[in-house]
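Q: Residue-level listing of the chains:
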Amino acid sequence: MLTISDRKEKTIVLKEIMQSRLFWPIFVLLLLLAFNLINDPSFFAIEIKQGRLFGSVIDILNRAAPIALLALGMTLVIATGGIDLSVGAVIAISGAVCAYLIQNEIVTSTPLIILAGIGVALIAGLWNGILVSILGIQPIIATLILMVAGRGIAQLITGGQILTFDHVGFEFIGGGTLFGIPFSIVLVVLTYGVTFLVLRKTALGLFIASIGANPTASYFAGIREPQIKILVYMFSGLCAGLAGMILTSDIQGADANNAGLWSELDAILAVVVGGTALTGGRYYIGPTLIGVLILQTMTTTILTNGLPVQFTHIVKAAVVILVMLIMSPQFRGELNRLRTNKTKEII
Amino acid sequence: MEPKSILKVSQLNKSFPGVKALSQVQLELREGEIMALLGGNGAGKSTLIKCITGVYTSDGGSISLSGQSIRGLSAEEIILKGISTVHQEVNLIPTLSVAENIYLGRQPYRFGLIDWAKMNTNAEELLSSMKVFIDVTATLNDYSIAVQQMIAIARGVDMSAKVLILDEPTASLDNKEVEQLFTLMRELKSRGIGIVFVTHFLDQVYDVCDQITVLRNGQFVASSSVDELPQIELINLMLGKQISNKNSSGKSRHTTDSNSKPFLSASNIGRKGMINPCDVNIYSGQTLGLGGLLGSGRTELAKLLFGIVKPEQGTIQIEGEVKAFGSPHDAIQEGLAFCPEDRKVEGIIGELSVLENMVLALQAKQGWFRMIGPKEQKEIGKKFVRSLNIVTSDINKPVKELSGGNQQKVILARWLASGPSLLILDEPTRGIDVGAKSEILQIIDGLCKQGMALMVISSELDEIVEFSDRVSVLKDHNMIAELTGKDISTQKLMETIAHEGRD
Ligand SMILES: Nc1ncnc2c1ncn2[C@@H]1O[C@H](COP(=O)(O)OP(=O)(O)OP(=O)(O)O)[C@@H](O)[C@H]1O
Ligand SMILES: [Mg+2]
Numbered sequence: 001m002l003t004i005s006d007r008k009e010k011t012i013v014l015k016e017i018m019q020s021r022l023f024w025p026i027f028v029l030l031l032l033l034a035f036n037l038i039n040d041p042s043f044f045a046i047e048i049k050q051g052r053l054f055g056s057v058i059d060i061l062n063r064a065a066p067i068a069l070l071a072l073g074m075t076l077v078i079a080t081g082g083i084d085l086s087v088g089a090v091i092a093i094s095g096a097v098c099a100y101l102i103q104n105e106i107v108t109s110t111p112l113i114i115l116a117g118i119g120v121a122l123i124a125g126l127w128n129g130i131l132v133s134i135l136g137i138q139p140i141i142a143t144l145i146l147m148v149a150g151r152g153i154a155q156l157i158t159g160g161q162i163l164t165f166d167h168v169g170f171e172f173i174g175g176g177t178l179f180g181i182p183f184s185i186v187l188v189v190l191t192y193g194v195t196f197l198v199l200r201k202t203a204l205g206l207f208i209a210s211i212g213a214n215p216t217a218s219y220f221a222g223i224r225e226p227q228i229k230i231l232v233y234m235f236s237g238l239c240a241g242l243a244g245m246i247l248t249s250d251i252q253g254a255d256a257n258n259a260g261l262w263s264e265l266d267a268i269l270a271v272v273v274g275g276t277a278l279t280g281g282r283y284y285i286g287p288t289l290i291g292v293l294i295l296q297t298m299t300t301t302i303l304t305n306g307l308p309v310q311f312t313h314i315v316k317a318a319v320v321i322l323v324m325l326i327m328s329p330q331f332r333g334e335l336n337r338l339r340t341n342k343t344k345e346i347i
Numbered sequence: 001m002e003p004k005s006i007l008k009v010s011q012l013n014k015s016f017p018g019v020k021a022l023s024q025v026q027l028e029l030r031e032g033e034i035m036a037l038l039g040g041n042g043a044g045k046s047t048l049i050k051c052i053t054g055v056y057t058s059d060g061g062s063i064s065l066s067g068q069s070i071r072g073l074s075a076e077e078i079i080l081k082g083i084s085t086v087h088q089e090v091n092l093i094p095t096l097s098v099a100e101n102i103y104l105g106r107q108p109y110r111f112g113l114i115d116w117a118k119m120n121t122n123a124e125e126l127l128s129s130m131k132v133f134i135d136v137t138a139t140l141n142d143y144s145i146a147v148q149q150m151i152a153i154a155r156g157v158d159m160s161a162k163v164l165i166l167d168e169p170t171a172s173l174d175n176k177e178v179e180q181l182f183t184l185m186r187e188l189k190s191r192g193i194g195i196v197f198v199t200h201f202l203d204q205v206y207d208v209c210d211q212i213t214v215l216r217n218g219q220f221v222a223s224s225s226v227d228e229l230p231q232i233e234l235i236n237l238m239l240g241k242q243i244s245n246k247n248s249s250g251k252s253r254h255t256t257d258s259n260s261k262p263f264l265s266a267s268n269i270g271r272k273g274m275i276n277p278c279d280v281n282i283y284s285g286q287t288l289g290l291g292g293l294l295g296s297g298r299t300e301l302a303k304l305l306f307g308i309v310k311p312e313q314g315t316i317q318i319e320g321e322v323k324a325f326g327s328p329h330d331a332i333q334e335g336l337a338f339c340p341e342d343r344k345v346e347g348i349i350g351e352l353s354v355l356e357n358m359v360l361a362l363q364a365k366q367g368w369f370r371m372i373g374p375k376e377q378k379e380i381g382k383k384f385v386r387s388l389n390i391v392t393s394d395i396n397k398p399v400k401e402l403s404g405g406n407q408q409k410v411i412l413a414r415w416l417a418s419g420p421s422l423l424i425l426d427e428p429t430r431g432i433d434v435g436a437k438s439e440i441l442q443i444i445d446g447l448c449k450q451g452m453a454l455m456v457i458s459s460e461l462d463e464i465v466e467f468s469d470r471v472s473v474l475k476d477h478n479m480i481a482e483l484t485g486k487d488i489s490t491q492k493l494m495e496t497i498a499h500e501g502r503d
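Listed in order, the protein sequences are those of chains F and X. Residue 172 in the numbering used here sits at position 172 of the first sequence; the count goes up by one each step and never skips. Residue 134 in the numbering used here sits at position 134 of the second sequence; the count goes up by one each step and never skips.
Bound conformation, chain X alone:
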């Protein structure tokens, strides 16, 4: 027997000034089904989700839940109807506690007052069922973006009654968390809940999903069961073109001979609670990969090197000269660049235009007095819109109106435009589609060949393996190993992370 359809969208339209984000889009989700919603950056996935959940009002078409029209209802009403959503950008309140965030708007009451004890124990139970063990009374912004994402998912899962929508929930998670999430999704599925799942990791689609719906340029392209749609064909549908499958073993790794001098050399650098003292050497024209699990101290190490947080001990040398960075500004002056992982808080400046966001770091490097001329700005904009394939109707519109993946590209452009000698990338391809990803990797590789030094942090082991000439592995805030040459493989990396340094 065909399972019952619960969510049905047909002929949905949505326009923003100057952009037709959705036209005649359809989607059908059945009970106990996991539907992958796929498409390139700016295809309209998040917009479709926001139309379904009442965040945006669609311009025409129909949306029905269990046969009942829900189009035009407010976001609150739709939650009550049984659709819960985890949006692409974590949408929680940073200054509230973890438990408050999970139960916001539906706190347990006792004698007319909020039952704090119950709320906290419930939150703790919920999170530990997802194998997240944290202090639920701490404020949300004490935790990294990945943990925040897990908390948002916990909230969404806990509220889901009929339909759960997850917009790129796995973008900043690593394998362990992703597995955890999948276990959870399968359990919900067995309870008859329908799930819509957005991701750019196609392997994950084949892991957990039953159906696939593909969007391209705001239009419905295809819907099919997972078994009937092989990956190559899927990519074809998503991008409307074939991508050259760049062979990932193509990199010839540089070996550092003993008398070459590193561009940046940090010795014994550390800070309590962030990273224990360790040495880092990054050479021009080479890539240092940082491997490790979430919370192992990779981002923290990058922040120390870039002057965001002052190290408590150790020294940093740039081309042999000792430097003390009081702020990112100082680091930028020495040719450093750092593309952070949390794009909403640390990356984009939402109100400013796409172009302003792109030139910001270069402008800060030059100082406020010497403004980059309008002509030069335009050229920078044009260049990166083309080379990074940024989808935007207008380069002068607020960057917050771009799709998530395109915002990520804008931040990448900002740092590439600053002409760095050392580029530090923290999860650089977070939320970027398969088509753009290989192009971006190529651009960065090209810069590296021209002599730029690179440090890459990534939860995707493949990315680390493909990029790196050397890999430093971190675990529990310690640097536990360095891999070079033939040792750099996904296998070896996983083994090192899993075993070493455990006593």
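Chain F with its partners taken away, still in its complex shape:
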């Protein structure tokens, strides 16, 4: 039997769960998955074909990989109070560089190709970091420069064409499997894992949140903001570079016009849905990943249900608004007020 205090405790626990960071994003994700399950009872089925896992869920994870990487870098950039609009362009650049090297047979060794792709992405990040932290340009403007110019650079590299190639080693990144799991998923898990560890085991995480929450006080406390910011923008560049290589390797070609187009916006959406404030400060990596999965599940759901692609954008916007409303303290406050007013009236 439940005593009153027991029951009270239970509601408190329930309340706490509902107020936790992860609750609403996970709730929305589960809702989407449930919808899919009702629609298609075999939604969660996973098969093994030729040593590789197949199924809708695997497909969603696989497709979510590039955005998941972008969103990871974006979370940290946003935590410092910045934003990185250039990640889509960096995808195009790193893809173009890799494809160019392979197609012209300048480099054939896979590690070297990957190194080149990562290298240009890091340079792109360094550029952003210098503009933001040394020259003091506002992040949105500073990264807008590379967002526009970067795609131009990528087009120069590809000569305005889609560079296609054949390279068994490089194709592994986007198409290979490790223990049956698509390698891009493994890459995402590894990147998130390593990042999490680094943030936990060094003071980087503390410094990033500190700079975002109060830059002046952080400066007074002796944190070297330029150093940390450059590091963070380079990391964002790195993530974009990895995403670019996954996409390029997957389609065995570099399309400078369309690779990663608008993907910066998806990444930002995922971060926001995950509860990290655009004003900087505290950040949430796990919830960001959930945000990515929500967006991808939605896209896939719309496509598999035969709705026109254009729909995805509208539905995406609607879901984002919904999640933001649920998470906004003002909105919840208003709801509560309405509710208590109603109970008052009833009494």
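Derived from the structure by calculation, the hints contain no laboratory data. From the three backbone atoms N, C-alpha and C, an ideal C-beta is built for every residue, glycine too. Treat the hints with caution; some may be incorrect.
Stated by the list, open to error - These stretches of chain F come out as covered by chain X in the derived footprint (C-beta under 8 Å, 3 or more residues): (1) 191–203; (2) 210–222.
Stated by the list, open to error - No farther apart than 30 Å at their CA atoms in a straight line, the calculated lysine-lysine pairs in the DSSO-like style are these: (3) X:Lys20 - F:Lys201; (4) X:Lys365 - F:Lys201; (5) X:Lys20 - X:Lys378; (6) X:Lys323 - X:Lys449.
As the list claims (entries may be wrong) - Pairwise CB distance ranges (calculated): (7) F:Thr279 - X:Glu179: 38 to 48 Å; (8) F:Leu22 - X:Lys378: 23 to 33 Å; (9) F:Val198 - X:Ser387: 27 to 37 Å.
On the provided structure of chain F, position chain X with the ligands as indicated by the hints.
A: Quick look at chain X with the ligands alone, frame taken from chain F:
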């Protein structure tokens, strides 16, 4: 005839997760009365004020204004009912002009447009009636925290219709401004306005207040007229214990013999608009006090020494070696620490936890790669929560949820934890209650005895006199005198500030 009661609070409760900030609190304010609301750090004063003014919704109890219940109304509605408030943390918008800040939300209009000229002249008149003469079209953050505080007070005073609430308005003001404020309060009082006044300076209570309400640990302790409550008894009520009245003349001052070397020696250091070139020598184990009025250049000098702003001329030597600090980080590496005066902007990192705020400077000193282990962090936290008497339900909660005085202690802890060789304190006891104050002064004095060098900036002359082995006096951005030995007294300090360097 008893004056009419205007504001009446009874049985008010307010809880935050894990904290019962107010329980069964009462308060009654009558027309033309100045009520001191007193209590130690974290007693619930600011919370009570925020409940009255609609910033927080209280959990139960009643609040009425002139007999009408105002509990549950929004902050805007309560302002319209005639209660205006100056909160503990200056709550203005830094990027707007002074005049805009004063008239925000109630700008004068002409033909449907904001009447800028009228707004500016009104603002100017209002401020000059408080003897503050500044450019009202300049943006707010061009001015020091003290001036900002005066502007916030001006706004509050100008709006007050029935009740004016002032939460520690005098924390960063010096005697002259405080007198100015008191004159103003007395005038409002004569117009029948009721005033609630929070302060940690008990002398001020006896100067200007009629009634006293005391809170402790979120509970109502007593209410009495000022005449019936002597100071010792008041302290007793506030803290629930006696404090040993440390005799302030106990300090034996060090004299510097001519062949000892200073820890920090700055020569001819200066920067236009901040401080004119001057020399500073700070010795290990000794305290240099910086005296002077607001805006005399004390904080600016500290900022030059700590590398926050680069000096245009002059050199700094640490233990005889010339150093150029490009940023506070460089200064910290050399063993400097600087506890700033504006805790909201330059001090706390509100979203981060109490513990994270405490270890921040030490961590920055070590660099991001070598993280202070969780165990060591916890020990630092425990140590300072105990020694500085920080009131917090949980060391991992966001520091912005602490009371103002406790936030101040956290910042102090941050710099003490960094193990400095030279600690620069700018208004270190701002907002700290009488009980904790003497404890903190003792801790710092102890560190000094162990060989730490100290530089103290304080508007409280007593504090300077008690601390210092030498006092440098600043006036209008110039260093005008140095006092040593027997010359260090409140009297002499006041005289020097008032007279010297005027030609
Ligand atoms: N927003 C908040 N969230 C959680 N706890 C809070 C919040 N505001 C205040 N508290 C807690 O309520 C208690 C009372 O705080 P309050 O700010 O009212 O103290 P105070 O009397 O004004 O102290 P001080 O003299 O230091 O300003 C403290 O324990 C504080 O930690
Ligand atoms: Mg307070």
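Q: If I claimed the Cβ atoms of Val198 (chain F) and Ser387 (chain X) lie 27 to 37 Å apart, would that claim hold in this structure?
A: With Cβ atoms ~34 Å apart, the hint holds.
Q: Do the Cβ positions of Leu22 (chain F) and Lys378 (chain X) conform to the proposed distance bound of 23 to 33 Å?
A: Cβ of Leu22 (chain F) to Cβ of Lys378 (chain X): about 26 Å, so the range 23 to 33 Å holds.
Q: Could you grab the alpha-carbon distance between Lys20 (chain X) and Lys201 (chain F) and see if it respects the 30 Å cut-off?
A: 35 Å, violated
Q: State whether the coverage of the stretch 210–222 of chain F by chain X holds or is violated, taking the criterion as 3 or more residues with Cβ-Cβ distances under 8 Å.
A: holds (count 10)
Q: Would you check the hint for Lys20 (chain X) and Lys378 (chain X), treating anything up to 30 Å between C-alpha atoms as holding?
A: 25 Å, holds
Q: Going straight from one Cα to the other, do Lys323 (chain X) and Lys449 (chain X) come out at no more than 30 Å?
A: Since the Cα atoms of Lys323 (chain X) and Lys449 (chain X) sit roughly 26 Å apart, the hinted pair holds (cutoff 30 Å).
Q: Please verify whether Lys365 (chain X) and Lys201 (chain F) have alpha carbons no more than 30 Å apart.
A: Status holds; Cα separation ~17 Å.
Q: Count residues of the stretch 191–203 of chain F with a Cβ under 8 Å from any Cβ of chain X, then say if the count reaches three.
A: holds (count 3)
Q: Using the C-beta atoms of Thr279 (chain F) and Glu179 (chain X), is the stated range 38 to 48 Å upheld?
A: 40 Å, holds
When each numbered hint is compared with the structure, a violation occurs for hint 3 only.
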